[in-house]
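Please work from the sequences and hints to get the whole structure.
Chains as they are written, first to last, in our numbering: chain A, 1 to 100; chain B, 1 to 501; chain C, 1 to 135.
The hints are simulated quantities; they were obtained by calculation from the structure and are not laboratory data. Just so you know, even glycine gets a beta-carbon here, dropped at the ideal spot from N, CA and C. You can trust all of the hints, since none of them are fake.
The following label-pair restraints were derived from C-beta to C-beta distances:
#: 1; chain 1: B; residue 1: H190; chain 2: A; residue 2: A21; range: 35 to 41 Å
#: 2; chain 1: B; residue 1: Q358; chain 2: C; residue 2: L107; range: 55 to 61 Å
#: 3; chain 1: A; residue 1: N91; chain 2: B; residue 2: I407; range: 43 to 49 Å
Short, incomplete list of chain A residues facing chain C, as computed with Cβ under 7 Å:
#: 4; residue: F63
#: 5; residue: V67
#: 6; residue: A70
#: 7; residue: A74
Here are the simulated SDA-like pairs of lysine to any residue, each with C-alpha atoms no more than 20 Å apart in a straight line:
#: 8; chain 1: C; residue 1: K123; chain 2: B; residue 2: T103
#: 9; chain 1: C; residue 1: K123; chain 2: B; residue 2: A32
#: 10; chain 1: B; residue 1: K150; chain 2: C; residue 2: Y66
#: 11; chain 1: C; residue 1: K123; chain 2: B; residue 2: L22
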Amino acid sequence: MIPISWYLVLSAALFSIGVGAFLIKRNIISIFMSIELMLNAVNLAFVAFAHHWHQVSGQIFVFFVMVVAAAEAAVGLAIIIAVFRSRETLNVDQINLMKL
Amino acid sequence: MTAVSPALRILPEILLTLTGVLVMVTEPLLSAKTSRKPLGIFALLGTLAAIAASAWQLHLPAGTAFFNTIQTDAFSVFFHLLIGGILLVTLLVSLNYFEGHSTYVGEFYALLLFSAVGMMLMTSAIELLMVFLGLEISSISTYILAGYRKRSAVSAEASIKYFLLGSFATAFFLYGVALCFGATGSTNIHSIATGVASGSSPLLLALALGMMLIGLGFKVSAAPFHVWTPDVYEGAPAPVVGFMSTAPKAAAFAVLLRITYTGFGTMSHIWIPLLWIMAVASMTIGNLGALTQRNVKRMLAYSSIAHAGYLLVAFTAFSADGLAAACFYTAAYAAMNVGAFAIISYLSGYDERRVHLQDYAGLAKRHPLASAAMAIFLLSLIGIPFTAGFFGKFYVFTTAMHSGLWILVTIGLLNSGLAAFYYLRFLSQLYMQPYDAAQDISEAPAQPAFVLGIAILVAAVLVLGIIPNRVLRLAQAGAATYFPCSGTNAAEVHTQPNLLR
Amino acid sequence: MNKPAYMWNYIPLLMQILAAVGLAGFIIAASWFIGRHRNSKVKLAAYECGMVAQGDARGRFSVRFYMVAMLFILFDVEAVFMLPWAVIYRKLPATTGSRFFGFWEMLVYVGFVLVGFFYIWKKGILEWSKDKADL
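See below:
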């Protein structure tokens with residue numbers, strides 16, 4: 001048996017890569033992909049814990065996360081298209097009509 | 001306990017969902033030229049039915065349904081009524097906003113309804129899976145609503161910023177849930193409470209709690225997770241901002257209450273300092289940020305960050321009264337903030353013509369009634385006596401003092417004084433400055449629905465400030481579900497409304 | 001069995017990876033050293049199945065493709081809930097305490113999916129060429 005900590009380390013690493021990419025990347029699509037990576041890291045953690053506790057509820061949670069991620073992708077990409085149509089760019093540094 | 005059909009426990013949600021679905025499928029069946037007002041009125045009726053259903057739920061015995069995912073009690077009913085009320089007023093004031101400007105008016109109502117369904121589910125959920133679903137149902141709808149002025153680049157920008165940072169926050173919340181599941185083997189808040197109380201794996205639980213606090217901190221726009229707020233509020237359509245600056249915050253605060261008070265109640269030594277820091281940071285950053293703003297929507301955005309800070313003060317008290325104060329303050333804040341944004345939406349119209357402070361110079365002469373309503377909302381936001389804001393703040397700070405949070409209360413009071421400055425500056429623009437007739441913009445005459453909505457809000461602000469007993473009692477009943485044997489403090493506060501009269 | 005011993009199970013996998021990478025690297029290196037480099041304009045052009053390449057590879061697609069892809073993902077993911085439901089359908093009356101609870105719940109779920117389908121149908125999303133301007 002591979003110990004649960006290995007899965008958790010992988011999950012934490014994926015999540016951290018996602019957070020790092022979210023902060024560093026400049027293209028909206030890449031930022032969006034890093035969010036998906038974070039969600040998948042969460043899924044991995046859930047499955048590992050579900051196996052550890054012998055409980056299906058963790059895996060059910062993963063189903064819901066997947067479905068919600070798909071819904072979020074649909075809406076998010078639609079918003080990205082709306083942004084591109086109005087600004088002709090997907091670089092976050094140029095999407096700055098309002099000062100942060 | 002008598003068996004209550006599970007469907008009755010989510011009756012308000014069912015009614016709103018059915019209304020939303022009907023509005024959604026009717027919209028494409030109507031021809032492009034037909035007015036969408038009947039759809040709005042139908043949505044209003046559905047909302048009224050949902051509010052009635054939530055009020056009726058008060059008579060149900062408190063209990064759970066759907067395999068321990070939903071719990072109806074006085075606490076959940078309080079927030080259901082609040083969210084229903086915010087939805088009702090938002091529908092009233094936006095009934096005319098998109099007329100002739102957008103081809104997706106029916107969907108606007110449907111999205112508002114769905115978003116409210118999600119928030120209601122959040123407030124009655126005792127299972128983190130349900131919390132997550134409610135959070136996402138409400139968030140995904142509001143992401144779209146923020147970008148609803150389709151031709152506007154600013155609106156699209158607000159939408160994308162809200163979407164990216166909102167999803168980022170959700171991922172953090174989810175990771176917290178996963179760690180919580182790992183530490184306790186359950187995602188049910190009551191089982192988590194047992195797991196936390198047993199004291200096993202405290203490090204993992206602390207990490208889980210921190211992650212969930214980050215996620216919910218984003219949603220309630222508490223500093224240091226507030227960066228998205230000014231931009232999103234500036235770009236989104238004004239009626240939508242009124243809705244999304246109050247209702248999702250109320251729902252997220254309800255979740256925060258359930259998680260911290262019930263789930264992690266025995267780990268209060270960890271989250272109280274965290275919330276303390278968040279409260280101080282939110283109040284200070286919010287008020288200092290608002291001072292420098294010339295754009296009224298940005299100013300109110302920073303003000304909403306500050307108000308999230310006041311709410312967190314009530315949280316930090318960790319007592320029955322603190323909880324009741326937090327509930328009451330959410331309601332008071334909702335009434336005045338929705339009102340302020342509704343007036344801005346009326347005065348600046350769909351094209352957002354009046355967004356700068358100087359655009360409002362002397363408007364009291366041209367719009368005496370709208371300015372008077374705005375004045376009431378602003379005075380309430382300052383916390384002038386006889387308004388909801390005053391009583392809310394008074395209650396929050398007294399309960400914090402009862403819990404011995406002297407430093408926090410001092411910082412809060414200093415901040416309230418600071419905040420008065422920028423609200424009064426807006427007020428003096430309206431009343432003291434000369435009116436420039438050259439700047440004249442002809443507005444469409446106010447619709448009856450809009451006037452009704454504003455009347456309800458003004459009445460709510462005044463009633464909550466002068467005779468708050470009923471709402472207060474409901475808030476205390478909600479608090480009592482957490483602290484069954486709340487002591488003398490609750491009785492003490494009961495007498496205070498009389499002092500104010 | 002202790003942990004290090006368990007990890008030895010992965011040695012074949014490691015060897016497989018090394019072999020694959022090594023073979024690929026060897027073939028590329030060998031063709032680089034053995035083959036002759038005579039670049040002409042045609043040879044350096046983008047390879048498009050033997051046809052003459054035309055246009056820019058970074059051209060934009062119509063937003064309609066996105067619509068179809070998105071609808072596919074949404075309706076595809078919805079099936080994820082049906083599989084677990086079907087697997088434990090026979091056990092549902094015992095766990096839920098009601099004979100048809102599971103059945104009605106799935107009917108409600110499918111009903112919502114159908115409502116969504118009805119909506120996109122009536123909105124004209126499924127009609128590919130309704131608005132030629134977008135194509």
